[in-house]
Amino acid sequence: MALALGTLAGVGGYTFRYAEGLSYFKTDPKACVNCHIMQPEYDAWQKSSHHGVAVCVDCHLPHDFVAKYLVKAENGWRHGKMFTTQNFEEPITVKQHGLEVLQENCLRCHGPLTDGLLRRDDLDSSRSVHPEPGGLACIHCHFTAGHGVRAGLGGPQKRSP
Amino acid sequence: TNIFERKAEQRVPFVRVVEVGENDTDPAKWGRNWPSQYDSYKRTAQRTSTKYGGHLGSEALPQERIDRDPWLKRMFLGYAFSIDFRDRRGHAYMLQDQEGTQRLTKPQTGSCLHCHASILPVYRELGGGDVMKGFESTYKMSYQELDKKVHDMGHAHPVSCVDCHSPETMALRVTRPGFLVGIRALAESDADVPALESIRLWRAGSREQPYDPNRDAPRGEMRSFVCGQCHVEYYCSSKMPLTFPWGKGLSIDQIEAYWDATVFPDGSPFYDYEHQETGAKILKAQHPEFETWNQGIHARAGVSCADCHMPYQREGATKVSDHWVRSPLLNVNRACQTCHRTDESEILARVDVIQERNHDLLQRGGTAIVDLIQEIIRAKATGASPEQLAPALALQRRAQFRLDMVASENSMGFHAPQETAKVLGEAIDYARQGQLAARVLASAPEPAPPSP
Amino acid sequence: TNIFERKAEQRVPFVRVVEVGENDTDPAKWGRNWPSQYDSYKRTAQRTSTKYGGHLGSEALPQERIDRDPWLKRMFLGYAFSIDFRDRRGHAYMLQDQEGTQRLTKPQTGSCLHCHASILPVYRELGGGDVMKGFESTYKMSYQELDKKVHDMGHAHPVSCVDCHSPETMALRVTRPGFLVGIRALAESDADVPALESIRLWRAGSREQPYDPNRDAPRGEMRSFVCGQCHVEYYCSSKMPLTFPWGKGLSIDQIEAYWDATVFPDGSPFYDYEHQETGAKILKAQHPEFETWNQGIHARAGVSCADCHMPYQREGATKVSDHWVRSPLLNVNRACQTCHRTDESEILARVDVIQERNHDLLQRGGTAIVDLIQEIIRAKATGASPEQLAPALALQRRAQFRLDMVASENSMGFHAPQETAKVLGEAIDYARQGQLAARVLASAPEPAPPSP
Ligand SMILES: [Ca+2]
Ligand SMILES: [Ca+2]
Chain A
4 MALALGTLAG
14 VGGYTFRYAE
24 GLSYFKTDPK
34 ACVNCHIMQP
44 EYDAWQKSSH
54 HGVAVCVDCH
64 LPHDFVAKYL
74 VKAENGWRHG
84 KMFTTQNFEE
94 PITVKQHGLE
104 VLQENCLRCH
114 GPLTDGLLRR
124 DDLDSSRSVH
134 PEPGGLACIH
144 CHFTAGHGVR
154 AGLGGPQKRS
164 P
Chain B
980 TNIFERKAEQ
990 RVPFVRVVEV
1000 GENDTDPAKW
1010 GRNWPSQYDS
1020 YKRTAQRTST
1030 KYGGHLGSEA
1040 LPQERIDRDP
1050 WLKRMFLGYA
1060 FSIDFRDRRG
1070 HAYMLQDQEG
1080 TQRLTKPQTG
1090 SCLHCHASIL
1100 PVYRELGGGD
1110 VMKGFESTYK
1120 MSYQELDKKV
1130 HDMGHAHPVS
1140 CVDCHSPETM
1150 ALRVTRPGFL
1160 VGIRALAESD
1170 ADVPALESIR
1180 LWRAGSREQP
1190 YDPNRDAPRG
1200 EMRSFVCGQC
1210 HVEYYCSSKM
1220 PLTFPWGKGL
1230 SIDQIEAYWD
1240 ATVFPDGSPF
1250 YDYEHQETGA
1260 KILKAQHPEF
1270 ETWNQGIHAR
1280 AGVSCADCHM
1290 PYQREGATKV
1300 SDHWVRSPLL
1310 NVNRACQTCH
1320 RTDESEILAR
1330 VDVIQERNHD
1340 LLQRGGTAIV
1350 DLIQEIIRAK
1360 ATGASPEQLA
1370 PALALQRRAQ
1380 FRLDMVASEN
1390 SMGFHAPQET
1400 AKVLGEAIDY
1410 ARQGQLAARV
1420 LASAPEPAPP
1430 SP
Chain C
980 TNIFERKAEQ
990 RVPFVRVVEV
1000 GENDTDPAKW
1010 GRNWPSQYDS
1020 YKRTAQRTST
1030 KYGGHLGSEA
1040 LPQERIDRDP
1050 WLKRMFLGYA
1060 FSIDFRDRRG
1070 HAYMLQDQEG
1080 TQRLTKPQTG
1090 SCLHCHASIL
1100 PVYRELGGGD
1110 VMKGFESTYK
1120 MSYQELDKKV
1130 HDMGHAHPVS
1140 CVDCHSPETM
1150 ALRVTRPGFL
1160 VGIRALAESD
1170 ADVPALESIR
1180 LWRAGSREQP
1190 YDPNRDAPRG
1200 EMRSFVCGQC
1210 HVEYYCSSKM
1220 PLTFPWGKGL
1230 SIDQIEAYWD
1240 ATVFPDGSPF
1250 YDYEHQETGA
1260 KILKAQHPEF
1270 ETWNQGIHAR
1280 AGVSCADCHM
1290 PYQREGATKV
1300 SDHWVRSPLL
1310 NVNRACQTCH
1320 RTDESEILAR
1330 VDVIQERNHD
1340 LLQRGGTAIV
1350 DLIQEIIRAK
1360 ATGASPEQLA
1370 PALALQRRAQ
1380 FRLDMVASEN
1390 SMGFHAPQET
1400 AKVLGEAIDY
1410 ARQGQLAARV
1420 LASAPEPAPP
1430 SP
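As given, the protein sequences belong to chains A, B and C, one line each in that order. All residue numbers for the first sequence refer to our numbering, where the first residue is 4 and numbers rise by one. All residue numbers for the second sequence refer to our numbering, where the first residue is 980 and numbers rise by one. All residue numbers for the third sequence refer to our numbering, where the first residue is 980 and numbers rise by one.
One should not assume that every hint holds.
[Unchecked claim] Computed list of lysine-lysine pairs in DSSO-like fashion (alpha-carbon distance at most 27 Å, straight line):
1. B:K1030 <-> B:K1085
2. C:K1298 <-> A:K50
3. A:K98 <-> C:K1085
4. A:K33 <-> C:K1298
5. B:K1128 <-> A:K50
6. C:K1112 <-> C:K1128
7. C:K1127 <-> C:K1008
8. C:K1112 <-> C:K1021
9. B:K1218 <-> B:K1128
10. B:K1227 <-> B:K1260
11. B:K1085 <-> B:K1218
12. C:K1052 <-> C:K1021
[To be verified] Simulated DEER-style distance windows between Cβ atoms:
13. C:K1260 <-> B:G1246: 52 to 62 Å
14. C:A1373 <-> B:K1085: 26 to 36 Å
15. A:Q99 <-> C:S1185: 53 to 63 Å
16. A:H39 <-> B:R1320: 53 to 63 Å
17. C:T1361 <-> B:E1366: 24 to 34 Å
Keep in mind the hints are simulated off the structure, nothing from the lab. Glycine residues also receive a C-beta, built at the ideal position from the N, C-alpha and C atoms.
Make the full structure from the sequences, and use the hints.
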């Protein structure tokens, strides 16, 4: 915890003010779109099947209290720095750690539905050769859960019915 | 730190009402623990039919493919497939359809049962506990002898739970010796395997232990490997054990090169049969779904057989894998639409376009191969010598193997659309070149007498 | 979710520092209002090169395709393309490369400029305000005459802003008469157009007004139509106006059927040139990117030329389309990874596999077509009559058109991998059949004398 706060303090000043870091600690999705860079995901999320049931942090931040703030600190720092320095890869994609957080959050809400599908061997990520834990993450199939079709710059145009 | 550890404790283990073990080949027993998978498994007895999938013909017996495409029968003359070769159907029928085929009017080997019955316990007994040893003894047995043993030991079931699942953990596993030997040879080769990352990792590692899918392959790959135990090209006769030709790679050129380099134990060069009309030494192809899938974009993208053929299905409060293994086109919303967010009609149309292109080209190839066969017959009639015919016969072998690799593949090329079309293009070229080679002869002067 | 909406939300209303109008073909002027698009537009002057894209050869002059693939030159004998046919390069060069090609050593028509200069104002003036009328007058003019006029009127620019954008709204628009006439004929046909929904909707409607892309096509389709103004198969010579052969559909069979049914104003059957060595009446194919894309999965999925060749690039808070139109392989993260979440190396590998398959088959076709040409020459030498040669010559025309439709297409078949492979398979079949047809003759008896 102390460490977390320490990190946060370190993040303060220019970078974080620029990123409107304060509102960043709310779970309000608007906090995320303080950065226009998050806009496509925000817009896409609003049209996704989860719009009514899950907000950004429900999927992208772990839900154990301490870890939550640690990750926010880490992400916040990463985000803030990245954003000010502008030196990040686009299109933005979820990194390995982000994928693990996602997987856990899918299970947090859907566990009862899917526990029957998961077995011990899923837990040993050393057997995973896919970016997803266990080689069969939810988003192997449900990559549209949060943002519909892939959310980047450019994306398949929706066919009118 | 592994964020799944907490999850693991929360997870409720399966409540087992009965214990199941390695010798429990009867799915009904497993079904008491996992009723919904069992229920869907049983539905493979239902009749299904799509434009190119499932089967036409009567409820009692699928349609003859060799009647629907007479050029197939012509290609197979001299081999049992020219007697009886029908549409495939659901897993429930695999043993009875094998026992019932007219191909058995010719002597067949015990190897056949590798893919048509839940045979592991039989291998184990024959090998005195050693499955591999038992398996290697079966090619010398007659089909009837081993089939009787399978019945006597009470394992006369089609592919069953124990063939794909570990009875303790229910984890997927590969049990079939043919696959274990074949995939190991593939791993030890230097062939490209873009879709099989676990093999690339094994190659990069110490290689102390041979590649073993049950240890090295992740779940994502096991979801295809369990199918690759049977849906593959093979040699299955009495001269050597059942063989999957993967030692040089999984593409058709690599498989052909493997067969061309194979010699029988007696030292004679490998071939499946001699064509009745031309005498060409032919390679017979069988259902290379696994090999074909490997050439396609889905495999590269990590999409497994089970993703499409066993999609999840909601069952009350839980999700289960649909064990009614069948054409995904009967099931587009679950088999395709989770990943492809577009109308069902559009998805069906995409498949239709792909299959029609391959079907057109396949029929074009059928015409070419028949023209070649007739050209060779004509050349023989005009007295061409075996030496003179050799090039034409070699071309018949190459052309026929490629046509057959597509004709016997069961997705009409959907599993790898472009590769399938390419292979057909090559087949046509070889068939026509063979015709030209034979035609030279038809009008050739007598070969000059050997100089004294 | 609709990316275009999203982008719209972000587009900032641009401030115009200068007014631009229909006669402003100089991109520099537009550039003052839209500097970032102009900057990237100018970069099309930079040299690019990939395995099959961009251009090899010196900075000064792209490499000769007919030297790299001699069988191409052999196919083209009797036509200007056998003199000079080079790799394409960036838009900035389109006018100078046209003015510089040795193909101009043969007389060429004014129609050529339709796709190589910002010619609209010239058409307008020639037609006394009516663009279509002006356009229709240009095929009778010599290339030199019209080119001079383009320069004199100050419109000697490569494709410019005004060619794709409305000066008032900046909306995309189609300006090229060839496309407007061609797409209208396609709409009025009953050919399947799975990728062109606006045509399906127009057909379902009242049809009171003819189909007009500028009115009927949604933005998503316009993002490909602007390219379809030029990246298409065409007739471009002095017997009739520039023609896009879409009246029966966009597939190769449909295009061939269209040309076969076309007659010149003088009533003689359509063809581009007579093959110098065989006398076959040949159809020449040119860069059918638009037609090929239409056969592919991307088109069906609503993925436009601009999505891959002009991907968005972030400019601070907004996104702009990269007007440096070039190979997407130089730009994978923006061109592909927005939709395909996998490493750049994997994406490049997928393209390479697709292109290599088509390239192999294309070279196989090249061998076959040369064999055919030689076979026909041999038959002629042995005195075969024109009547006897007719079938072989007809097959040469069919085979060559298909090979050329792939060879002159600029993605090495990426735009429609399976369709391209299929077309090559057919080309090979026709070439070999032609050889067989000609070989009959080489050994045929003299034709019987006409009965008295
Ligand atoms: Ca075989
Ligand atoms: Ca043309």
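Going down the list of hints, with the structure as the test:
1. B:K1030 <-> B:K1085: Distance ~32 Å between B:K1030 and B:K1085 Cα, so the pair is violated.
2. C:K1298 <-> A:K50: Judged against 27 Å, a Cα distance of about 21 Å means the pair holds.
3. A:K98 <-> C:K1085: Answer violated: A:K98 to C:K1085 is near 59 Å, above 27 Å.
4. A:K33 <-> C:K1298: Answer holds: A:K33 to C:K1298 is near 21 Å, not above 27 Å.
5. B:K1128 <-> A:K50: Roughly 61 Å between the alpha carbons, so the hint for B:K1128 and A:K50 is violated.
6. C:K1112 <-> C:K1128: holds (17 Å)
7. C:K1127 <-> C:K1008: holds (23 Å)
8. C:K1112 <-> C:K1021: violated (32 Å)
9. B:K1218 <-> B:K1128: With a Cα-Cα distance of about 21 Å, the restraint between B:K1218 and B:K1128 holds, given a limit of 27 Å.
10. B:K1227 <-> B:K1260: Holds - the C-alpha atoms of B:K1260 and B:K1227 are around 21 Å apart, at most 27 Å.
11. B:K1085 <-> B:K1218: holds (15 Å)
12. C:K1052 <-> C:K1021: violated (33 Å)
13. C:K1260 <-> B:G1246: 52 to 62 Å: Given about 57 Å between the Cβ atoms, the range holds.
14. C:A1373 <-> B:K1085: 26 to 36 Å: Cβ of C:A1373 to Cβ of B:K1085: about 46 Å, so the range 26 to 36 Å is violated.
15. A:Q99 <-> C:S1185: 53 to 63 Å: holds (56 Å)
16. A:H39 <-> B:R1320: 53 to 63 Å: violated (26 Å)
17. C:T1361 <-> B:E1366: 24 to 34 Å: holds (27 Å)
Checked against the numbered hints above, the structure violates hints 1, 3, 5, 8, 12, 14 and 16; every other hint is satisfied.
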